[in-house]
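Each chain, written out:
There are 2 protein chains.
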Amino acid sequence: MSKTEVKAYAAHANDADLEPFTLSRREVLENDVKIDILYCGVCHSDIHQVRNDWKNSRYPVVPGHEIIGRVLQTGSKVNKFKEGDLVGVGCMVDSCQECSSCQEGLEQYCENGFVGTYNGKDKHLGGHTFGGYSENIVVREEFVLKVPENIDAKAAAPLLCAGITTWSPLTHWKVKKGDKVGVIGLGGLGHMGVKFAHAMGAHVVMITTSPGKSEDAKNLGADEVLISKDAVQMKEHANSFDFLLNTVPVGHDVNPYVSLLKRDATMVLVGAIEPLDPIHGGGLIIKRKNIAGSVIGGIKETQEMLDFCGEHNIVSDVEMIDIQNINQAFERVTKSDVKYRFVIDMKSLKN
Amino acid sequence: MSKTEVKAYAAHANDADLEPFTLSRREVLENDVKIDILYCGVCHSDIHQVRNDWKNSRYPVVPGHEIIGRVLQTGSKVNKFKEGDLVGVGCMVDSCQECSSCQEGLEQYCENGFVGTYNGKDKHLGGHTFGGYSENIVVREEFVLKVPENIDAKAAAPLLCAGITTWSPLTHWKVKKGDKVGVIGLGGLGHMGVKFAHAMGAHVVMITTSPGKSEDAKNLGADEVLISKDAVQMKEHANSFDFLLNTVPVGHDVNPYVSLLKRDATMVLVGAIEPLDPIHGGGLIIKRKNIAGSVIGGIKETQEMLDFCGEHNIVSDVEMIDIQNINQAFERVTKSDVKYRFVIDMKSLKN
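Those protein sequences? They're chains A and B, same order as listed. The first sequence lines up with residues 1 to 351 when you count with UniProt numbering. The second sequence lines up with residues 1 to 351 when you count with UniProt numbering.
Quick caveat, the hints were computed from the structure, so don't treat them as lab data. One should not assume that every hint holds.
For identical chains, the list gives no copy identity; a pair is met inside one copy or between any two copies.
Said to hold, decoys possible - Straight-line distance between alpha carbons at most 16 Å, and here's what the computed EDC-like set of lysine to aspartate or glutamate pairs gives:
1) 154 to 230
2) 350 to 111
3) 80 to 242
4) 262 to 104
5) 174 to 264
6) 262 to 111
7) 174 to 319
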């Protein structure tokens, strides 16, 4: 298969800095869309993969799965997209398309495993896939999203991961107008959870350990702020939440949050791919409470989210960087020192 | 208020044996039913309360919340019951009847707290309530169940706690014909879970650490037995269960069980009112799995369960004892040495 060389940034080993790298992209096949990458969000997962925190990294790692760009070229059978369209690519570039999950539009739960935008198995060129910290990308059309032209394209990048990761559970668990919804943790995911829950008409409570985040949370759309270290406040809110979106990205003690749920209500984990502190069975049993998990979202619901963002003019709060500053950005993400997502201006790659 | 003296067995302190005791019952009020107790099941909770394991026991403790008897007397406004009716009383004898949970028929989740059949707050006589290890009991009619005459009355006693505790989650989570249902742990609760799930038409898998329980499990209605210590078997069943009923009564490692669930499926805890070993967030996140809890069941669903038992001729497997042997029975329950529930023949109390 013919290939083209593409500029990118890659990490070549655990703990190594990202540096300029040239990767190969496949030729545009009949169902493919080739996208000129304008912007790419910096997700915490990018850092986990570069640092091999999940023990499944394959080097060189070219991260990036919050991709916004314009269509450069389409394959002969592509009819959903044309040259110049504003499009997005998220965490997936392929899946089996045949299993029950794929058939239901839930490719993120593909029974045969979806192909990650980076660090996935590349069935065309062999080896592994390379992500959006690069000039362009070739993706089969089923995994390309239409991005509304009326929203700020650079601030739309994080919708493809941070956005859909919070949108999917909010809609799957049917959050509706008037529900009392708690968003735990105010980072890249949490700030999108607050915006979406607010736009859905919920009464949104930002639940955070940091009193300093109160004003920001309210500006993002939170109706209230609950400081989780304050036992008195926590008790006042006991058994009162219809839904909790837990965006904390590390193992932690979820028992205080479980105590906030109403009977039959659910707390969904979207960040903590780690062991949690011991959960007390009684906390679930006494009022039939639920703890669940959720990972990103399917292509159909991602498109629904983007359309909703177009209607409600929702984007992420972002800080733009040049690709040359990616290693410093990683350091700052690690310290939660970003409001709320870095986005790389990919023009800088051409310098 | 006038009272009558009633023979019973009570524990007077933590770790003390149960011994003969005389308690007072209130007079029959207009909405009350007085029940001559024929049989009373021995629940593991009885032991926890006698031993103050949950740190909320009030002595003397007269245990017993799996009560079967015949109506002796009814209050002037009672019209659902008449003298001689075969009836049951479970874990609750009162609730506020006004909160949203009570209004939905879910008195077990009463927002103001239900009144336990024993060790609850007695609002008529003061002090605390006394359970079914006694000659008779006076209960408001809303908390009295009709027991079908065609089933074995003594073996029906455990339906009032072990039965409804497993029935309620199986029906709430809509277990249906053809579902693959796992019942974890083969004790008093587990053996009822197997019987019910089998009668509902599910493909029932008994999940146990003990290969020795296989034959019994199949006799109770299990289609398969999965030995949870066998990593190969566990892997074969990975991601395949529609529902798991976890009856293990102590804290344990639930991660191997979570791995058995299908996408979107739920494991419900009904026994472990203790801290669980750390749960890995990834196990829930990767396939949107759920862990929940459930406690006993409401009066309406308890009646539905009893009616179902009448239609399907379902009762518990029991071993009958005299009240004089209650302390030895407690010892045997503690060692899981009973198939599957002790029931006290309350005639023995008259000796």
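How the hints compare with the structure:
no.	hint	result
1	154 to 230	neither (37 Å within a copy, 51 Å between copies)
2	350 to 111	neither (39 Å within a copy, 63 Å between copies)
3	80 to 242	neither (39 Å within a copy, 37 Å between copies)
4	262 to 104	between (30 Å within a copy, 15 Å between copies)
5	174 to 264	both (13 Å within a copy, 15 Å between copies)
6	262 to 111	between (33 Å within a copy, 10 Å between copies)
7	174 to 319	neither (31 Å within a copy, 47 Å between copies)
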